[in-house]
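Undergrad: Sequence:
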Amino acid sequence: MEDSAAYLNDTAVVLAAKGQHKEAIACLKKALRLEPKNSILWFNLALSSRALGRLEEARNALLEAAKAKPLDVDTLDTLGVVLHEMGSDAAAEEAYRAALELSPGNGRVWNNYGVLQFGQSRFDDARKSFEKAVALVPDFDDALYNLRDTYEALGRVDDMKKCADILIRRGVH
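Mapping to my numbering: the sequence shown position 11 is 761, numbers consecutive.
Think of the hints as simulated: they come from the structure by calculation, not from any bench.
Fair warning: this is a prediction, and the values are worked out from it, not measured in the lab.
Check the hints yourself; a few may be wrong.
[Stated by the list, open to error] With a straight-line cut-off of 30 angstroms between C-alpha atoms, the simulated DSBU-like cross-links for lysine-lysine are: (1) 911 / 878; (2) 817 / 779; (3) 768 / 819; (4) 787 / 768; (5) 780 / 817; (6) 819 / 787; (7) 817 / 787.
[As the list claims (entries may be wrong)] Simulated restraints, written as ranges between beta carbons of each label pair: (8) 819 / 839: 21 to 31 angstroms; (9) 851 / 889: 21 to 31 angstroms; (10) 885 / 779: 38 to 48 angstroms; (11) 852 / 888: 45 to 55 angstroms; (12) 783 / 906: 48 to 58 angstroms.
We treat Cβ as the ideally placed atom computed from N, Cα and C, and that holds for glycine.
From just these sequences and the hints, can you work out the full model?
TA: And the structure:
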């Protein structure tokens, strides 16, 4: 019996969840020989490549995923993350803006965009992005941490303390 692309993808997901990314990549590459335009396979290949620190491979896989499914917000968001990690901030910003144009209510994308802005010392822009992320997903602790740090960078001590108090009440520090 020949393996299907779906079976190989499912196997790769299980392997990746166990941290076996090299094995997952092997499954995904085999699956891509069967379905070379499958955006999910490309996306999952990118995730395992990124997990192994192979950012160039992750970027290339995400570009293939975007070519196969250009309006996928997760692909654009993850592409932004990888491009930022590679130091390609202008391209990362383009990816985030494209994702937000498609899904302006996506708190995860707003948070990731804020991380990029914070890293560029664009603290007021980052504040707005993190505030939007928290407004959209009130229990998004990562965005609240990032907002707290941004308020600190802006010297907004009272706002920083409010975020810290919320995190403490939630049992996360």
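Undergrad: Compare the structure with each hint and give your call.
TA: Comparing the hints with the structure gives:
1. Between residue 911 and residue 878 the CA atoms are separated by roughly 18 angstroms; this keeps the pair inside 30 angstroms, and the hint holds.
2. The hinted pair formed by residue 817 and residue 779 meets the criterion: a straight-line CA distance of about 17 angstroms does not exceed 30 angstroms.
3. Between residue 768 and residue 819 the CA atoms are separated by roughly 27 angstroms; this keeps the pair inside 30 angstroms, and the hint holds.
4. Straight-line distance between C-alpha atoms of residue 787 and residue 768 comes to about 26 angstroms, which keeps the hinted pair within the 30 angstroms bound.
5. For the hint linking residue 780 to residue 817, the alpha-carbon distance of about 19 angstroms falls within 30 angstroms, and the restraint holds.
6. Among the hinted pairs, residue 819 with residue 787 is consistent with the structure: their alpha-carbon atoms are about 9 angstroms apart, no more than 30 angstroms.
7. Between residue 817 and residue 787, the direct Cα distance comes to roughly 8 angstroms. Compliance with the 30 angstroms bound is thereby established for this hinted pair.
8. At about 24 angstroms, the CB distance of residue 819 to residue 839 agrees with the hint of 21 to 31 angstroms.
9. In this structure the hint that residue 851 and residue 889 lie 21 to 31 angstroms apart at CB holds, the actual value being about 26 angstroms.
10. The supplied range of 38 to 48 angstroms is met by residue 885 and residue 779, whose beta-carbon atoms lie about 41 angstroms from each other.
11. Under the hint 45 to 55 angstroms, the C-beta atoms of residue 852 and residue 888, about 22 angstroms apart, miss the expected range.
12. Between residue 783 and residue 906 the beta carbon distance is about 54 angstroms. The supplied range of 48 to 58 angstroms therefore holds.
Checked against the numbered hints above, the structure breaks only hint 11 and satisfies the rest.
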